[in-house]
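Trainee: Take these sequences, add in the hints, and give me the full structure.
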Amino acid sequence: MGVIYILLTISIVVAVVFFVSFIISVRNGQYDDVYTPSIRMLFDDELIKESKEKSSESVKTKQS
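Just so you know, we're using numbering that gives the first Met the number 0 here: the sequence shown kicks off at 0 and counts up by one.
It cannot be assumed that every hint is accurate.
Stated by the list, open to error - Distance windows between CB atoms, simulated:
#1 Ala14 <-> Tyr34: 28 to 34 Å
#2 Val25 <-> Gly1: 35 to 41 Å
#3 Tyr30 <-> Gly1: 36 to 42 Å
#4 Leu7 <-> Ile38: 46 to 52 Å
Source of the hints: derived by calculation from the structure; they are not laboratory data.
Here a beta-carbon is modelled for each residue, glycine too, at the ideal position from N, C-alpha and C.
Mentor: Below, the structure is given as structure tokens:
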């Protein structure tokens, strides 16, 4: 029974360490994406064209 308490304590300590490191990395801006927003406008047209092509193909197949 003592082993369960030891393992539970160790797992809680490890979870807290990972959680604290995650919070620190978020506060330091580790997950901020500064590159993608600047190039997102370059790819929007391709996505719109693809969606229009797919919708026109589905309309053609429905009309047939």
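Trainee: Now look at each hint and say whether the structure bears it out.
Mentor: Taking the hints in turn, this is what the structure says about them:
no. : hint                        : verdict
1   : Ala14 <-> Tyr34: 28 to 34 Å : holds, 32 Å
2   : Val25 <-> Gly1: 35 to 41 Å  : holds, 37 Å
3   : Tyr30 <-> Gly1: 36 to 42 Å  : holds, 40 Å
4   : Leu7 <-> Ile38: 46 to 52 Å  : holds, 47 Å
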